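Can you make the complete structure from the sequences, with help from the hints?
Protein chains: 2
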Amino acid sequence: MKKFLNDPDDLVRESLAGLEAAHGGILRVQVDPLFVVRRDAPVPGKVGVVSGGGSGHEPMHGGFVGPGMLDAACPGAIFTSPTPDQIESASRAVDSGKGVLHLVKNYTGDVLNFETARELCEAQGIPVEAVLIDDDVAVKDSLYTAGRRGVGATVLIEKIVGAAAERGWLLPDLAALARALNEESRSIGIALSSCVVPGAGKATFNLGPEEIELGIGIHGEPGRERTAIKPARELVEYMIDAVFTDRPLNRGDETIVMVNGMGGTPLIELYLLFGEVQRIFRDRGVRIARSLVGNYITSLEMQGCSLTVLRCNGETFRLWDDPVRTAGLRWGV
Amino acid sequence: MKKFLNDPDDLVRESLAGLEAAHGGILRVQVDPLFVVRRDAPVPGKVGVVSGGGSGHEPMHGGFVGPGMLDAACPGAIFTSPTPDQIESASRAVDSGKGVLHLVKNYTGDVLNFETARELCEAQGIPVEAVLIDDDVAVKDSLYTAGRRGVGATVLIEKIVGAAAERGWLLPDLAALARALNEESRSIGIALSSCVVPGAGKATFNLGPEEIELGIGIHGEPGRERTAIKPARELVEYMIDAVFTDRPLNRGDETIVMVNGMGGTPLIELYLLFGEVQRIFRDRGVRIARSLVGNYITSLEMQGCSLTVLRCNGETFRLWDDPVRTAGLRWGV
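Heads up: the protein sequence lines correspond to chains Y and H, in order.
The numbering of the first sequence is my numbering, which starts it at 1 and goes up by one.
The numbering of the second sequence is my numbering, which starts it at 1001 and goes up by one.
Watch out, some of these pointers could steer you wrong.
Claimed, not checked - Beta-carbon label-pair distances, calculated as ranges: (1) Asp32(Y) with Pro1033(H): 56 to 62 Å; (2) Met1(Y) with Gly1314(H): 54 to 60 Å; (3) Ala176(Y) with Ala1176(H): 54 to 60 Å; (4) Gly24(Y) with Gly1168(H): 41 to 47 Å; (5) Asn6(Y) with Thr1245(H): 21 to 27 Å; (6) Val1043(H) with Pro127(Y): 49 to 55 Å; (7) Trp331(Y) with Lys1140(H): 57 to 63 Å.
To be verified - Derived contacts from chain H toward chain Y, CB cut-off under 10 Å, selection only: (8) Arg1179; (9) Glu1183; (10) Thr1245.
Treat the hints as calculated values from the structure; they're not laboratory data.
Quick caveat: nothing in here was measured; it's all calculated off a predicted structure.
Think of the CB as a built atom: it goes at the ideal place given N, C-alpha and C, for glycine as much as any other residue.
Here it is as structure tokens:
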């Protein structure tokens, strides 16, 4: 195993120290329990927005903490859920009296631990609403999952809901917005290679030299099928068909589209994929009004990509366009 | 070879089509000859800043075209210099009458072709100044290079000089600034793996399962030595020693530091490296006043990193902090 690390057990903590060193103007890292929090938290009069999950998906979630997005992120060990005390402490740290929204990717451990944390918060008088994100159309149940997995939509929802929270929306309205956005989101991923979890020291799964996996999960969970590598335009057609079959889009619909890299895929390939996506969307009369291309929800150094499509209306675009200032996503003031 | 592409010969062009599709608000892609140019070029009263080089280093350079950075970028084939007619056409497209600055990484093909393009421009009455960037301390001469290679400093120089051009600096002053910044910049890289050039279909070089290469070039050119993988803190010490030996820094000096990924290294590792860099800088009394951590000058899907250190003064920081709006680097308005 060749990785830039010292002891695998220290990877998450040491990486977060570097995150704080690089972005100390917008966030700080709290240890024991471990979480990343906006430097100016709690922001008076604002609902706190908290997410979290296993590490290894950077920049998600710690890289999305900052003005206009998350108030706090709870990083678990690699591909392992954060504990309830991390989530409870982070929620307390960002509560200004307006309550806290939990954005939870649908994995069994995350769901249970966020639920326990919610109970702990409510016992202290902190109102919490939790919204599950389950946009991955690849498979219905999976390793670690009852129902669908939560993947790329998390990035888009954190951005949009974060903007609404910054504008002063109240907790029930934010939760309703997050649920509506999740309803309108669909994703699917493809792996060209596995990743190596540092503690394990070997590949999570193995693919042949010309083999790829369609519908891969972000922890290397099995997808729909393995097949030989195909031209990019066929793979993009496959992904768009998978997404559109599950959530039909009509001519004239407007969308935000993310072409996401899994960590080991170069940007030159991701932009090629986005070009193919745009061509097919144009043929189908569906408009890509906003887009993200890059590494946003990764699986360590896995080579692969995912496509996320979110159907939007004017209000969503206004929130999308609001300023955001995080390590992983930044625009506006 | 598993990559997201159609025909290897179309990779660069198709990827640029995707870049334009995603960032059409700030840039357009001109074909025949091929270059990326600011949508609003030529900007009246402004010197045009043009760079370019082989593709495969994305987001450099096309991802750095936009307000506050480059006016145009000329992409060659993968790891191959752009041709003089690309550079000449791009220079003409961005010249507002104030002349054009060429920022050239020191590789033999780039140097020759930018030089020919400069002569072609000057024959048409367009003043051109060219500045060579040669910050890589690893080796003196190399494959494709007389003297040192130009690597990570290019990103920092394009940002800072781009800001100065946006402020209305004149051509001789911009050239002097770029040369001074290059003098103050040093870099070195480490590879954990090779990359695969699509046209070749196989790894450029081979490393053993526990072997790494110190001082690697961004095209896989040989570095200083091969060694067994070591803990990150030892590798960071090695890189800092290499940089500081070549360009000593004193207590109290202020710097911009970039920890750059080569394309296949996950962000969790890059932030860990940055944390180690900061610790050692603090011990040595040198301040990291600004930083970049991420994939900025890559080698396709190579796993590896590079460290770039730029010694700065107050004016440099003001230019650094100016707004920039490109695909690959974005802040401010």
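Structure-based check of each hint:
| no. | hint | result |
| --- | --- | --- |
| 1 | Asp32(Y) with Pro1033(H): 56 to 62 Å | holds (58 Å) |
| 2 | Met1(Y) with Gly1314(H): 54 to 60 Å | violated (44 Å) |
| 3 | Ala176(Y) with Ala1176(H): 54 to 60 Å | holds (57 Å) |
| 4 | Gly24(Y) with Gly1168(H): 41 to 47 Å | violated (33 Å) |
| 5 | Asn6(Y) with Thr1245(H): 21 to 27 Å | holds (24 Å) |
| 6 | Val1043(H) with Pro127(Y): 49 to 55 Å | holds (51 Å) |
| 7 | Trp331(Y) with Lys1140(H): 57 to 63 Å | violated (41 Å) |
| 8 | Arg1179 | violated (28 Å) |
| 9 | Glu1183 | violated (25 Å) |
| 10 | Thr1245 | violated (22 Å) |
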